[in-house]
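Chemist: Keeping the supplied structure of chain A fixed, place chain B upon it in accordance with the hints.
2 protein chains.
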Amino acid sequence: MTEPVIEFFWDPVSPYTYLASTRIEALALRVGAVLRWRPFLLGKVLEATGNRPNIDVPAKGRHMLADLARWAQHYGVPLVAPPIFPISTVTALRAGLAAEQAGRGPAFATAVMRAYWGEGRDISQAQTLLAVAAAAGLDGAALLAQTQEPAIKDALRSNTDEAVRRGAFGAPTFFVGEQMFWGNDRLGILEECLAGDLSA
Amino acid sequence: MTEPVIEFFWDPVSPYTYLASTRIEALALRVGAVLRWRPFLLGKVLEATGNRPNIDVPAKGRHMLADLARWAQHYGVPLVAPPIFPISTVTALRAGLAAEQAGRGPAFATAVMRAYWGEGRDISQAQTLLAVAAAAGLDGAALLAQTQEPAIKDALRSNTDEAVRRGAFGAPTFFVGEQMFWGNDRLGILEECLAGDLSA
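Protein chains in written order, with our numbering: chain A, 92 to 291; chain B, 92 to 291.
Just chain A, with the same shape it has in the complex:
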């Protein structure tokens, strides 16, 4: 039997995506699934679908801070309110695609989300991305150069368009085939589906 594939669409701008990133690898291992990390630009997804960020509803934005703190404590992972939010993540995402080509996609993705949400570092800056790349075992200067290549720029647009076409409207978004799962809070349901405990 072929191993199921979990596609994980991520953008480091999303704190719930960071939270999910701290659990998804262990989940994939438990259910024997292949995990495929796919950078996409959440801002464009919101724009294309008419969805809005949580902070556009002030009461929701205020609640989100308490909610995130609870999840971080529940998972036992660091979480800070980053000094800049929202932040431009387009270079970080392109670097994620370049890291993928170098065979270090998951390591870079994990590191860049942790840098922003776990440590409050400004991941829109080249200097931060260089350090994150190094921590993920990559040549940061080469990676940043690649973020200016048309093929990498196109790949990010293409991932984003594909996610929207397949039904995504937020982040994190997971696909198992064309079954879509949205949200860090759906990891339990995702795991049950992959374990065969849910047919839906």
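Simulated from the structure, these hints should not be mistaken for lab results.
From a predicted model like this one, the values you see are computed outputs, not experimental measurements.
The beta-carbon is built from N, C-alpha and C at its ideal position, and this holds for glycine as well.
One or more of the hints may lead you astray.
To be verified - Calculated lysine-lysine pairs in the BS3-like style (CA-CA distance at most 25 Å, straight line):
hint	chain 1	residue 1	chain 2	residue 2
1	B	K151	A	K135
2	A	K244	B	K135
3	A	K135	A	K244
Said to hold, decoys possible - Here are some chain A residues pointing at chain B (derived, C-beta under 7 Å):
hint	residue
4	L126
5	R127
6	L137
7	G141
Modeler: For chain B alone, kept in the frame of chain A given last:
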């Protein structure tokens, strides 16, 4: 030590509130909390906070059906796509307040949410509410008469205003003191907080 109180703000228009209603009583029992069912008008909460229903974002609305089916299967409870959605729930909510005065608030709330989301019945109709009231051990005719009383109308407005003032922007909303929890998908986090496993 005083038992903690969980306030559960519910409106039967919300499918996730129905789902939560099938689990919250067992949860309260497990953590030794008192459960207080509080009807509120979700439409007014959305209006007051600038929040929007899921179905306003078409991709979100489409996904919601799959997501609800998974939760229903996970919980082992019936769930149908009701013939009318959204639906006016103001009479049902006022009846909920009248039922509360008769000491049957939880029974009525549970029954009316199950009638709509579990059985697809039109809970905007007096006939349906009469049957639901009877099933909850209430005098339906008396209950419906009470829904026209100014005190009941005021009580619904007052619950709704209070929820907004305390930070609510959607449903289901739970309060433990002034700690707010939003969503059926936060029952696990709510239980952990009540059990003392989370300090946040």
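Chemist: Taking the hints in turn, state whether each one holds.
Modeler: Against the structure, the hints:
1. B:K151 to A:K135: Between K151 (chain B) and K135 (chain A) the Cα gap is close to 15 Å, so the pair holds against 25 Å.
2. A:K244 to B:K135: Distance of about 44 Å is beyond 25 Å: violated.
3. A:K135 to A:K244: holds, 14 Å
4. L126: For L126 (chain A), the interface hint is violated, since the closest Cβ of chain B sits about 20 Å away, which is over 7 Å.
5. R127: violated, 20 Å
6. L137: L137 (chain A) check fails; min Cβ-Cβ to chain B is 9 Å, beyond 7 Å.
7. G141: The hint holds - G141 (chain A) has a Cβ within 7 Å of chain B, the shortest such distance being about 5 Å.
Going through the hint list in order, the structure does not satisfy hints 2, 4, 5 and 6.
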